[in-house]
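Throw the hints in and build the complete structure from the sequences for me.
Following this note's numbering, the numbering of the sequence shown begins with 1319 at its first residue and continues without gaps.
Hints were generated in silico from the structure; no laboratory data involved.
Be careful, since some hints might not be right.
Unchecked claim - Pairwise CB distance ranges (calculated):
#1 Trp1402 - Val1344: 54 to 62 Å
#2 Asn1404 - Leu1363: 34 to 42 Å
#3 Val1346 - Thr1413: 52 to 60 Å
#4 Leu1418 - Arg1394: 31 to 39 Å
As the list claims (entries may be wrong) - The calculated DMTMM-like cross-link candidates involving lysine to aspartate or glutamate, where the alpha carbons are at most 25 Å apart (straight line), are:
#5 Lys1381 - Glu1396
#6 Lys1384 - Glu1442
#7 Lys1384 - Glu1396
#8 Lys1388 - Asp1430
#9 Lys1388 - Asp1407
#10 Lys1391 - Glu1442
#11 Lys1382 - Glu1333
#12 Lys1381 - Glu1333
In this text the structure is predicted, and so the values were computed from the model without any measurement.
All residues carry an ideal CB built from backbone N, CA and C; glycine is no exception.
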Amino acid sequence: MNTKAREQDSKSKKEVVLWILIIVLVSVALAIDYHFSEVAWSLRLAGWIVLSCLLIFLVLITKKGKQMWKFAKQARIEMRKVVWPNRQDTIRATTIVALLVLGTALILWGIDSILLWLIGLLTE
1319 MNTKAREQDS KSKKEVVLWI LIIVLVSVAL AIDYHFSEVA WSLRLAGWIV
1369 LSCLLIFLVL ITKKGKQMWK FAKQARIEMR KVVWPNRQDT IRATTIVALL
1419 VLGTALILWG IDSILLWLIG LLTE
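Below, the structure written as structure tokens:
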């Protein structure tokens, strides 16, 4: 039991160190990017791409990163299960919504005009 507790404590310390490393890397990268703002943007972009790959790797080896990756994979599987509407159904639904919005706008315009007319009669 004691070795399990030590192992768990070691893992949590590793997580904290990884997240601190990630934060430090991002902070240093921002400072370097600001300091070398006169350098060609293509070189700075290449540096950001390399750093982004490193940061993604570091995040994915943390516990939260693994959970996030697992969630993303499950979301992709669920998206493939969805039956998406075809073009005709999409156009039909969009047309119905547009007509309902137009009808509602006309009704509200009519009510507004009647109320404006009534208020005009009362204030004359």
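Task: Enumerated hints in conflict with the structure, sorted upward - done: Hints 1, 6, 8, 9 and 10 not satisfied by this model.
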